[in-house]
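Undergrad: For any residue, its number in my numbering is found by taking its place in the sequence shown, counting from 1, and adding 310.
Since the hints were made in silico from the structure, they are not lab data. A few of these clues could be false.
Claimed, not checked - The calculated DSSO-like cross-link candidates involving lysine-lysine, where the alpha carbons are at most 27 Å apart (straight line), are:
1) Lys606 <-> Lys355
2) Lys360 <-> Lys391
3) Lys375 <-> Lys470
4) Lys412 <-> Lys543
5) Lys597 <-> Lys391
6) Lys566 <-> Lys360
7) Lys543 <-> Lys566
8) Lys355 <-> Lys470
9) Lys543 <-> Lys470
10) Lys470 <-> Lys360
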Amino acid sequence: MSHKILKYWLAQYHRYTKYWERLTVPWQFAYWRRRERELLSTSEKGYRLKLEELNLNAESLARLKSQQRDGQEIVIAEVDKNGSMFSYYGTIPNVPNGDAGKFTERTRFAVQLVARNGYMGIRKSFTGRRLNFINELKILYHLNAQGCHIPAILGVDFDKLTLTISYIAGHVLRDDLAALGAQFHAKYPRKRADLTPDERRSIRAMRSEQGRQFLRQVIDESFIEHVYQEICKIHAVGVVNIDITYGNILIERYSKQPYLIDFEHATLYSNLNAQAQQILTRRDISKFDSLFGTHKVIEKPRLLETAYQKSSLLSFAWAGFLSILMQLPLTELMDTFV
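Throw the hints in and build the complete structure from the sequences for me.
TA: Here you go:
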């Protein structure tokens with residue numbers, strides 16, 4: 311009985327949290343706009359790639375540098391749905407360059423490779439989606455403050471709803487697996503947005519199975535353990551519901567260490583007790599196990615029973631409500647009305 315009750319409360323908890331986030335978008339937007347300078351300064355020690363390290367030819371590099379102005383962003387390339395670069399400055403070494411005329415349009419956000427203040431960045435446009443914009447910059451801020459292996463924030467434009475994060479040199483794990491023969495593209499029975507939960511699970515399982523066949527040819531056990539430790543660091547900050555996929559794990563070119571990207575759909579919870587947090591993070595660890603063939607997840611019946619005995623139901627309700635208010639202090643909320 312405790313298992314069913316906890317699942318019900320967890321679903322309600324997540325639903326009300328998302329509802330509250332949508333309801334408070336104007337307040338959150340005003341709150342983070344006032345903290346723009348802090349957003350950038352927190353990421354100053356994060357990962358950054360200098361313009362020269364992109365290895366453009368001398369002529370293209372000189373032309374690009376001549377156009378640089380402090381605080382301005384110069385578009386170097388358009389990034390299509392498949393991650394291919396369509397450059398305005400000639401072929402870019404060590405990146406997937408797209409063939410002319412074969413640009414695959416992105417269905418949601420435009421993504422561009424840009425230069426800003428001498429560093430390389432990826433600019434994401436969240437036009438019309440303020441909640442996604444606020445959610446990603448908020449989570450990146452908290453994770454950068456704790457030194458997680460994620461992109462640093464290079465620039466924020468609250469008027470155009472664009473977020474510029476540091477470009478991470480290296481390879482996408484999914485691309486390395488696909489090059490060896492892994493088949494990740496599934497034929498959907500209908501539009502992707504209309505797929506049932508069972509169909510989505512089936513597709514995820516297929517992709518995980520394909521990736522595991524070639525995984526050990528690309529990475530070793532120490533890399534897998536490093537990915538797991540990074541996920542644990544992210545969970546320790548209170549960020550859960552991470553989109554853990556082969557496509558969101560990068561192998562950095564120089565250090566060969568993993569970096570995680572894409573947090574627009576993740577959720578930040580704070581003030582949860584240990585049992586409640588374990589339940590919320592269990593889904594992420596299960597996805598990690600499926601991708602890498604490991605067994606990190608805690609046994610469900612024992613975990614849920616322990617949480618139930620320690621009254622984590624109350625923790626979910628109160629901690630969830632308080633965590634939302636903690637992200638928007640009462641004084642900040644009152645400021646929006648005057």
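Undergrad: State for each hint whether it applies.
TA: Cross-check of the supplied hints:
Only pairs whose Cα atoms come within 27 Å are accepted, and Lys606 paired with Lys355 is rejected, the gap being roughly 31 Å. Between Lys360 and Lys391, the direct Cα distance comes to roughly 25 Å. Compliance with the 27 Å bound is thereby established for this hinted pair. Simply put, Lys375 and Lys470 have alpha-carbon atoms about 24 Å apart, close enough for the 27 Å limit, and the pair holds. This hinted pair does not check out: Lys412 and Lys543 have alpha carbons roughly 39 Å apart, beyond 27 Å.
The suggested pairing of Lys597 with Lys391 holds, with an alpha-carbon distance near 23 Å, which does not exceed 27 Å. The hinted pair formed by Lys566 and Lys360 meets the criterion: a straight-line CA distance of about 18 Å does not exceed 27 Å. Simply put, Lys543 and Lys566 have alpha-carbon atoms about 19 Å apart, close enough for the 27 Å limit, and the pair holds. Restraint check for Lys355 and Lys470: satisfied, since their Cα atoms lie roughly 26 Å apart, inside the 27 Å limit.
Our distance criterion of 27 Å between C-alpha atoms is broken by Lys543 and Lys470, whose separation comes to about 32 Å. A C-alpha spacing of about 25 Å is found between Lys470 and Lys360, which places the hinted pair at or below 27 Å, so the restraint holds.
The structure fails hints 1, 4 and 9 (numbered hints given earlier, in ascending order).
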